[in-house]
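Enquirer: Listed below, chain by chain, are the residues.
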Amino acid sequence: MPSSPPSSRHRELGLTDGEFELIVEKLGREPNPTELAMFSLMWSEHCAYKHSRRLLRTLPTEGARVVMGPGENAGAVDVGGGLAVAFKVESHNHPSAVEPFQGAATGVGGILRDVFAVGARPIAILDSLRFGELASPRSRYLLERAVAGIGHYGNSIGVATVGGEIAFEGPYEQNCLVNAMCLGLAPHDALIRSAAAGPGNLLVLFGASTGRDGIGGASVLASAELGELDGAKRPTVQIGDPFEEKKLLECSLELLQRGLLGSLQDLGAAGLTSSAAEMASKGGVGLDLDVGLVPLREADMEPFEVMVSESQERMLCVVEPERLDAVLEVCARWETLATAIGRVTAGGTLRVLRGGEPVAELPVGALVDECPLYDLHPAPPAVALYPAPPATLAAGATPGQTLLELLGSPNLASRRWAFEQYDCLVGSRTVRRPGDADAAVLLLGELAAEGDAVPALGVAIDGNGRRVACDPYRGAVEAVLECSANLACVGAEPLGLTNCLNFGNPEKPHVAWQMTRAVAGLGDACRALGVPVVGGNVSLYNEGADGPIYPTPVVGMVGELPDARRAGRLGFARAGDTVALLRASGWAPSLGGSELSKLRGEPLATSLPAAELGELRALHAAVRQGVRSGVLRSAHDVAEGGVAMAVAECCLAGGLGAELAIADGEDPWATCFGEGPGGFVVSGEMPALSAFGDALVVLGPVAGEVLALRCGELELTLGVAELAAVHERGLSARMG
Amino acid sequence: MKFGVVRFPGSCDEVDALLAARRVSPAELLWHGDRDLRGADAVIVPGGFSYGDHLRVGALARFSPVMEEVERFARAGGPVLGICNGFQVLCEAGLLPGALLPNTSLRFLCRQVEVQVTGRPTAWTAACAPGDRLSLPVKHTTGRWWAPDPVLDELEAAGRVVLRYAPEANPNGSARDVAGVASAGGNVIGLMPHPEHAVDALTGSQDGLCLFRSVLEHGALVAP
Amino acid sequence: MAGADGGVTRMRVLIRPKAGILDPQGRTVERALPALGFGGVSNVHVGRLVELDLEDPGRLPELCERLLANPLIEDYEIVAPPAGA
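One line per chain: the protein sequences are A, B and C, in this order. Numbers 0 to 735, taken from numbering that gives the first Met the number 0, label the letters of the first sequence in order. Numbers 0 to 223, taken from numbering that gives the first Met the number 0, label the letters of the second sequence in order. Numbers 0 to 84, taken from numbering that gives the first Met the number 0, label the letters of the third sequence in order.
Treat the hints with care, as some may be off.
[What the hints assert, rightly or not] Partner residues are not named here, just some residues of chain B that face chain C (Cβ under 10 Å, in silico):
#, residue
1, L54
2, L59
3, E91
4, N102
5, G172
6, L201
If you are wondering where the hints come from, they were derived from the structure by calculation, not from laboratory data. Glycine residues also receive a C-beta, built at the ideal position from the N, C-alpha and C atoms.
My request is simple: use the sequences and hints to build the entire structure.
Expert: Written as structure tokens, this is what we have:
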């Protein structure tokens with residue numbers, strides 16, 4: 000390592016003076032270069048959650064169906080029949096901004112490993128992507144490569160990508176967001192934890208060999224604003240190999256199925272250092288680890304390089320000595336490298352050796368649990384943080400022109416260009432494909448005999464940036480509500496939630512305020528809906544010279560449906576069906592923070608309307624029940640673009656027109672294009688629909704090939720074919 | 000009658016093919032490393048990314064020990080179905096004509112498409128009426144089937160083009176909209192669409208079932 | 000040409016799409032070049048390079064025919080290693 004005065008080396012690695020002094024105090028001496036490198040990663044924001052851990056503790060994590068809560072590689076909920084679903088969402092934002100194909104691919108690889116590290120077989124992937132405005136060549140480049148990377152990894156490894164979202168907003172131009180979610184299935188008793196145990200047991204590393212990938216990636220990229228990094232600090236890009244991971248997945252699951260492992264952990268950010276230290280910390284033990292035994296891809300790697308390498312597709316496990324031969328035999332059969340590299344010890348020390356000689360010796364507690372946590376110092380922003388978006392809709396546009404503009408806008412146009420690059424079918428579980436419904440639906444078991452109910456899962460991922468920027472508390476509440484509403488539209492009841500919190504620099508008071516308010520909203524919404532948080536991820540320092548990204552909590556939710564045959568759809572089903580609005584009594588769509596407001600180039604609203612959570616919970620239950628019973632032949636959450644957009648999407652998905660009229664209220668534009676939680680566009684037959692009582696407002700029949708919508712003086716009439724052409728082209732024509 | 004479904008390192012749709020075949024008859028997996036078809040009466044080479052598609056799609060898988068037995072079985076008249084990556088492997092092995100090239104779009108494409116049953120009946124298509132339209136999904140990056148013009152003419156004359164994409168539905172630019180071809184004996188066929196993902200109305204169409212039923216009814220094996 | 004140590008010879012094989020077969024990769028690169036400021040470039044084709052150390056270089060043509068290239072759709076060229084390599 001290059002020599003530099005000890006007083007500044009720690010700063011180069013991202014540690015503050017205060018943190019360095021604390022390390023010296025805990026060790027009773029100064030750390031050597033290898034030890035300093037290990038601390039710099041373990042005490043980085045990305046690994047230690049220094050600025051977010053106290054906030055995360057306020058989220059509700061308990062529930063009757065929770066099998067594994069936050070703190071393990073993935074959380075898990077019970078889904079009946081002795082099965083559990085393990086799931087989690089994680090970010091890979093900074094690597095994707097540097098190299099979007101590999102950044103997105105390795106993001107998928109990492110979240111897959113988190114799921115099979117707890118013993119669950121991955122069955123589905125979803126992704127949430129955010130870039131700058133689509134007009135920017137850089138955004139188109141990032142989108143093209145990120146989608147290709149996700150497809151490359153997910154398709155090659157044979158796990159279906161079944162859902163996701165993409166949004167384009169100016170504040171993400173310099174800091175794109177790539178959040179990947181994975182869910183997997185396991186019998187309850189097959190779930191495994193990561194705590195190392197049993198002094199004398201062996202530490203075995205298996206999977207790919209170790210090279211210089213991503214050295215310093217976690218700490219350097221994810222703990223500093225991108226503008227601060229010069230070329231010399233950009234680390235080696237991590238390269239993913241899905242073929243290697245497929246072998247690793249099968250090997251891991253077979254090792255677990257044979258009962259050969261005491262514990263299992265995947266290697267991700269901060270590589271061996273983080274995995275080994277966390278395994279030891281959870282088990283209250285120590286570890287001896289010899290870097291000379293680690294299979295290397297490159298010659299002459301220094302001990303600190305071996306300890307911080309982020310080479311992909313590697314796992315660490317603890318094995319009783321008499322089982323080692325059996326473990327090596329399974330790995331050999333799957334053509335996966337496996338090497339015993341160390342041993343569990345009593346006492347709480349992590350010792351790194353090279354050829355038997357100690358090169359680092361650190362108390363596990365200091366590395367993992369005693370990292371300082373920082374209070375946030377929130378203060379609302381004194382000035383507007385974000386410029387008004389550029390106007391793209393001409394003033395004086397008619398309602399019809401407005402709807403067409405929305406349908407063809409990058410945020411709302413068809414995502415077919417993206418989702419057709421993903422295999423959504425492998426595994427034979429997919430009951431609702433992207434575009435069929437508001438959430439993906441996956442079979443839990445194999446297809447059953449005729450007539451039997453077939454249990455299934457619903458899964459959705461939803462985030463919000465611009466609306467959270469308007470009002471961090473209410474915007475975050477809306478993100479949770481939207482996910483729950485999407486599940487209700489397929490007939491699924493939420494079981495658990497995972498979240499990725501994407502924010503700017505937490506040391507700045509206005510960002511700290513956004514975080515604090517958003518997490519409060521997240522927590523209150525989860526408590527009100529009765530949905531526990533089982534795990535998640537935080538990505539901070541997403542900010543550049545132009546300021547922070549929109550505060551962006553991304554929520555992934557898993558729910559259950561008793562019978563896949565009754566899974567909901569979003570498209571109108573039959574001419575003659577009645578279209579209706581199912582809404583909360585307090586439903587008050589408004590243009591503040593809406594997509595229409597964005598197209599008009601208006602500055603961000605400074606607050607959003609309140610939502611009555613108890614009533615919304617009941618409404619979601621009513622929609623869910625309506626879908627399950629078959630009374631609702633179609634159901635679609637009213638979200639971006641408001642009611643007009645929602646009915647247009649239902650016409651497009653069903654290939655049918657409708658003749659609709661809505662009471663105008665105070666402002667027909669707000670009624671038709673305004674946004675806010677608590678509205679659903681549904682269809683079915685009367686008189687069955689009238690069972691919903693006052694919550695239901697009839698709009699008109701499904702009929703013909705034209706969408707006609709009247710609201711007071713606001714009128715539009717557009718052919719479904721014209722709507723389809725604009726909707727199809729909006730994203731695909733700009734991407735080529 | 001028993002199906003054998005080959006599993007290579009990197010196969011993805013082998014379990015899907017197994018489940019689909021089992022709707023019609025017993026089926027089991029065949030490990031790539033074993034020179035053993037385990038008494039299978041019909042062999043399926045499934046979709047996926049065998050050997051990571053490294054070097055060239057299907058190029059490495061065709062040299063697996065199990066493929067020696069599959070080739071022997073095929074040359075003796077045994078029914079063999081190659082789906083997607085399996086089609087690629089069978090072309091590399093010389094059991095089927097032509098080769099698979101990258102999609103014209105250069106992108107992976109997953110989409111439900113319509114194909115027409117054409118050509119002479121084969122072990123795998125005899126239960127589907129000629130001219131039938133089947134709705135099947137495709138999901139591939141390297142599905143553009145190609146052969147030189149003289150070969151194409153010969154295949155069409157011999158009725159060996161057994162599936163063709165419906166007009167305007169060709170997802171990959173394959174020559175003459177070819178979606179599937181047969182060997183001269185009609186016992187080996189390869190196709191890019193995935194019939195194993197079209198066997199239940201709950202997860203898609205049911206149009207793929209006729210391929211599995213065909214071989215049950217028409218796949219008589221000529222003893223080696 | 001035997002290697003300096005007499006043990007292995009480093010060889011290279013260039014594999015390219017056969018003329019006359021549509022090469023979308025080559026075409027994509029060719030079309031992108033003018034917008035990036037490179038005029039006067041045509042006839043672009045994209046292929047693969049395989050490098051390997053061989054004990055018996057005489058076997059390389061067979062290896063190319065059987066595995067490294069698909070003669071139906073690809074041409075290959077064995078390239079002598081650079082002098083002194």
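Enquirer: Now tell me if each hint is right for this structure.
Expert: To see whether the hints hold, each was checked on the structure:
1. L54: Constraint on B:L54 satisfied, holds at 7 Å.
2. L59: holds (8 Å)
3. E91: With a minimum Cβ separation of about 7 Å from chain C (threshold 10 Å), the hint on B:E91 holds.
4. N102: Holds, about 8 Å.
5. G172: holds (7 Å)
6. L201: With a closest approach of 36 Å, the B:L201 hint is violated.
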